[in-house]
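There are 2 protein chains.
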Amino acid sequence: MKKIIKNRNEQRDAAKKFIKKILGVYFPNSKRIYLKGSTEDIKVPMREIQLSQTLVNKNKKKLRFEDNEPIFVYDTSGAYGDGNLEINICDGLKKIRLKWINDREDTVSFKNLISNFNEKYFFDDCSKSLNNSVYKQILKAKNNKCVTQIHYARKGIITPEMEFVAIRENMGRDRIRNKNLLKQHIGKSFNSSIPENITPEFVREEIASGRAIMPSNINHPESEPMIIGCNFLVKVNANIGNSSITSSVEEEVEKLIWSIHWGADTVMDLSTGRYINETRELILRNSPVPVGTVPIYQAIEKVNGIPEKLTWKIFRDVLLEQAEQGVDYFTIHAGVLFRFIQMTSKRLTGIVSRGGSIMAKWCLYNKKENFLYQHFVEICEICAAYDVSLSLGDGLRPGSVYDANDEAQFSELKILGELTKIAWKYDIQVMIEGPGHVPMHMIRRNIDEELKYCYNAPFYTLGPVITDISPGYDHFSSGIGAAMIGWFGCSMLCYVTPKEHLGLPNKDDVKQGLIAYKIAAHAADLAKGHPGAQIRDNAISKARFEFRWEDQFNLAIDPETAKKYHDETLPQQSKKNANFCSMCGPKFCSMKISKDIRNSIDIQKTDQSDVKN
Amino acid sequence: MKKIIKNRNEQRDAAKKFIKKILGVYFPNSKRIYLKGSTEDIKVPMREIQLSQTLVNKNKKKLRFEDNEPIFVYDTSGAYGDGNLEINICDGLKKIRLKWINDREDTVSFKNLISNFNEKYFFDDCSKSLNNSVYKQILKAKNNKCVTQIHYARKGIITPEMEFVAIRENMGRDRIRNKNLLKQHIGKSFNSSIPENITPEFVREEIASGRAIMPSNINHPESEPMIIGCNFLVKVNANIGNSSITSSVEEEVEKLIWSIHWGADTVMDLSTGRYINETRELILRNSPVPVGTVPIYQAIEKVNGIPEKLTWKIFRDVLLEQAEQGVDYFTIHAGVLFRFIQMTSKRLTGIVSRGGSIMAKWCLYNKKENFLYQHFVEICEICAAYDVSLSLGDGLRPGSVYDANDEAQFSELKILGELTKIAWKYDIQVMIEGPGHVPMHMIRRNIDEELKYCYNAPFYTLGPVITDISPGYDHFSSGIGAAMIGWFGCSMLCYVTPKEHLGLPNKDDVKQGLIAYKIAAHAADLAKGHPGAQIRDNAISKARFEFRWEDQFNLAIDPETAKKYHDETLPQQSKKNANFCSMCGPKFCSMKISKDIRNSIDIQKTDQSDVKN
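In order, the protein sequences belong to chains A and B. Letter by letter, the first sequence follows residues 1 to 613 of this note's numbering. Letter by letter, the second sequence follows residues 1 to 613 of this note's numbering.
Calculated directly from the structure, the hints in this document are not laboratory data. Even for Gly, the Cβ is constructed at its ideal location relative to N, Cα and C. Treat each hint with caution, since some may be false.
Interface residues of chain A toward chain B, partial, derived using beta-carbon atoms under 10 Å [stated by the list, open to error]:
#1 Ile-341
#2 Arg-347
#3 Val-401
#4 Asp-403
#5 Ala-404
#6 Ser-470
#7 His-501
#8 Gly-529
#9 Lys-542
#10 Ser-594
Pulled from the structure, derived: some chain B residues nowhere near chain A, Cβ distances all over 12 Å [said to hold, decoys possible]:
#11 Tyr-34
#12 Pro-70
#13 Leu-85
#14 Lys-95
#15 Leu-98
#16 Lys-111
#17 Asn-144
#18 Glu-254
#19 Thr-311
#20 Phe-410
#21 Tyr-453
#22 Pro-531
Required output: the full structure, derived from the provided sequences and hints.
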């Protein structure tokens, strides 16, 4: 087995270098701040972007400047975004939620694993080298206790996690003094009603109703609470993980840190290679965002890749193992029922979900109903003991525009709705996965049916890709679908990279996918009227009109690229204050002329009677 | 003055090399075909993508193959896309429309210019070197004749141009034999009703009603007829042209050829530098697509960049000059009325249209109403004599999400509607320009108001950009808005490149902008149910399911990039037939498993009674 950790000191040094490489470089004029909650240990991270002054030059004799106040940005980068913290990936991150979990006194801790597989594949190699491996103290609910956030919410308990996300969702907008920046077009989302001020009680209600979830495995106390629901900011997931023929463990950890730097709200570790546990352990211990998995990928490794040989017992052990390790949500393809398989035979692209195709093959070979459906209650019981959220997989999602919105797809969706009801009975947090490939005019029906059949459980979609002809640009063509469905009420968007349909994404693909999806999510927030979503737009527009170039770059979603593009044609530092760019040159800059016009309106106090026709 | 043409032979060689560099390389397995019309000279270009066979391996003893018929793609690349033609940019393209124009016997030809400025700035330097310079024979309507396509359409005449576009819009779909490829989801566009078979008569009706235009200056007989209207394929415009501080004439011609290679349906030459005429002449003589301009950019060069000094006389001469040269459509900012200027004073970003800001400044300084509005009838008279279409500019479009859909914007739009009526009275083809920066939930109102106030004249929008925070990625964030508004009934999308707001686009930016917008336009065609739009999607999906990798690349919007991304992880030629890619590896490929499932359904003829629970 490949070892990733040879020498502790060597590794510490490498880790430090690696973190440094990512930190601080890309977000100039930004600093990490923390918004405090009701107790000392509720510290909500934000990125504060500091801006330069505006030259207010009305009286030409004397230059006058006005301050531009800093802007706060929702920050998913965890400790990596805090220049003051030392990080070593073999120590893992601080377990910020551990006290909150322990304070609830509903868990017990073990030193030995319940699941069978960890030790064989992993224990010796990896956990010894990790100071903070979860295997030193595994938490589980006490007998007859449920430790899920929805359980607390339904009992009327506001957890510290709920307070954390309330502060986080408000994005510090009560601190903004410039009322003009706060002005925004109130959107009309099809399903959301977001309050002006998000309170911990509102968060509790949303979780209790099932409209929102907060993936938070008690064995992943490193994660910073975040919420997924249509009345909150639209979230973005980044898929990482190796496949059997490419990528290494180190690369995947690098992709994690890279992903959260670019704003991933959760990551899914979709590894299918040999080093599944090792990869996942390093990811979990170093991830400030919830981590999701598709457990069938690991289960099938254990039967040498032969779907027919899967058993509930093997699958169950995988669930236990991953729950103990700290996985925050599981994708479970329990809706791929035997009778639906035939419905895919007229499709152009059959079954395109890996999990879905595995389960379909299993059903056909064994002539039995999907064992995930049969054992769904047991799955819920495992989830209840660790607070693993369920992401009900759409194993029959369409893989082409041709197959969109067909019988197989919606038949499965209705089953996912049934399963949602069952999960809620067991106080399990649930979200529903969605397509796939859908042309624009058919997107709306997807969210409508999901909300109807799945009782407003959060929708979590992959794209949808709106045309099939764009391999190499599917981050873009799916980003269009993602922006639209986010506006319509989809809660989380699973990113798609430029490599979709072609190969495993590398680091730059991860960045391109995330930027496309952060734009889509933000556009959806604007359209559904999330309070304060427009502050950053207004700030960058003000900077643009005032030719504060550096501020424009710093407020951009990717400052480095914005600056680089600008500098390609006007690299001189002096041009950073120039009243034009190379697009139009100095004489043709509409912004410049427009400012002259504004001054001239002010001076002339022109009225219509002045017009000579 | 900089000369671009020093030595004829040298230049011919350079031009040939340059054309070779662009041709043939990027569209593998494609060949140019021509669909014939009712006469020999109506030859509509299409790109035929040839596909490999499908292995139908049911009987394992003997391999059986099935043909996959070729797919036809709308082709804007003109002679550059025909490997059999020799091209030299100083000869210009073949004047394919000249016979049609002459046959109508409603024009006279001149050897001298009517306009004053050409000779001074241009005649000596450039036209001598161009074999086919327009200045050797300028056409103009005979006295009291109107030579516009709308004029003919209203008289019930079906021109060869109309027949050409009817064939073009049908995209050869009557040749497709595989009925499965023809299957498509019929979209519901908000404003379109596209017939199954587009006839020349339908084209005539659409033009006569003003719902569609066909920009086709009689002095640009090199252009291949194309149509812009909500009941036709959504079109894309690429802006090219230098600014005073960057880019050269040669680069702009290169951008033209590059643009049409990537699918630009029209180009706008927005040059603002010294070599405006020279650039435009080379572009027009070598452009198979209509060319639009914003004449005010040239007019202001003639008054040394000082808006206040503009006069109607100077502007009129520019119009004449450009009409004589062959410009197919003019953007005219005649809706920026004096009384609207004050409405922009509360905006965050004032006036962001260059033309709009110039006219506003002119009005304020001179205390007069916009001279373009005052002289609009004279503008129409010029257009009628050459068939220049009018693109009524939105000088007051919003430059930020904050300013979207405001009073200034919609006040101007209503004036554009009034002007549309006037233009139609003079048998001028008209389209209406639209925003700009608009969040998603406010896009719909833009097209609704446009159709209402401008009587269904084609809408031609810049984006809209749906958030302001994405400099460096505005091709993407505006592409989202473009796809949506295209679906809602917008007829042409003006591309935005990654350099928008930052600098002048280079060649690669032009490609990125075009690909984003071709995806948006195609997605809109799918959503509005353009018959046959889905053929290419279906073909690529079939190739994907059958692991015909090369066919997937060749059917993609950018084959080179798709192949490159695939080969990054699986470069071996043998993997081009592999039943997997690096994303999932061989064991986890859902498509592969799905095929096994399909075979197993066929063999087992499974029914539900087989299920053992």
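Structure-based check of all given hints:
1. Ile-341: holds, 7 Å
2. Arg-347: holds, 9 Å
3. Val-401: Interface hint status for Val-401 (chain A): holds (5 Å vs cutoff 10 Å).
4. Asp-403: holds, 8 Å
5. Ala-404: Constraint on Ala-404 (chain A) satisfied, holds at 7 Å.
6. Ser-470: Holds: closest Cβ of chain B sits about 5 Å from Ser-470 (chain A), inside 10 Å.
7. His-501: Result: holds, 7 Å to nearest chain B Cβ.
8. Gly-529: Holds, about 8 Å.
9. Lys-542: holds, 6 Å
10. Ser-594: holds, 3 Å
11. Tyr-34: holds, 23 Å
12. Pro-70: At roughly 15 Å from the nearest Cβ of chain A, Pro-70 (chain B) sits farther out than 12 Å, so the non-interface label holds.
13. Leu-85: Answer for Leu-85 (chain B): holds, closest chain A Cβ roughly 27 Å.
14. Lys-95: holds, 33 Å
15. Leu-98: Its Cβ never comes within 12 Å of chain A, the nearest being 35 Å, so this holds.
16. Lys-111: At about 34 Å from chain A, Lys-111 (chain B) clears the 12 Å cut-off, so the statement holds.
17. Asn-144: holds, 30 Å
18. Glu-254: It holds; Glu-254 (chain B) is separated from chain A by about 17 Å at its closest Cβ, greater than 12 Å.
19. Thr-311: Fine: 15 Å to the nearest Cβ keeps Thr-311 (chain B) off the interface.
20. Phe-410: holds, 14 Å
21. Tyr-453: For Tyr-453 (chain B), whose nearest Cβ neighbour in chain A is about 21 Å away, the distance exceeds 12 Å, so it holds.
22. Pro-531: holds, 14 Å
Going through the hint list in order, the structure satisfies each hint without exception.
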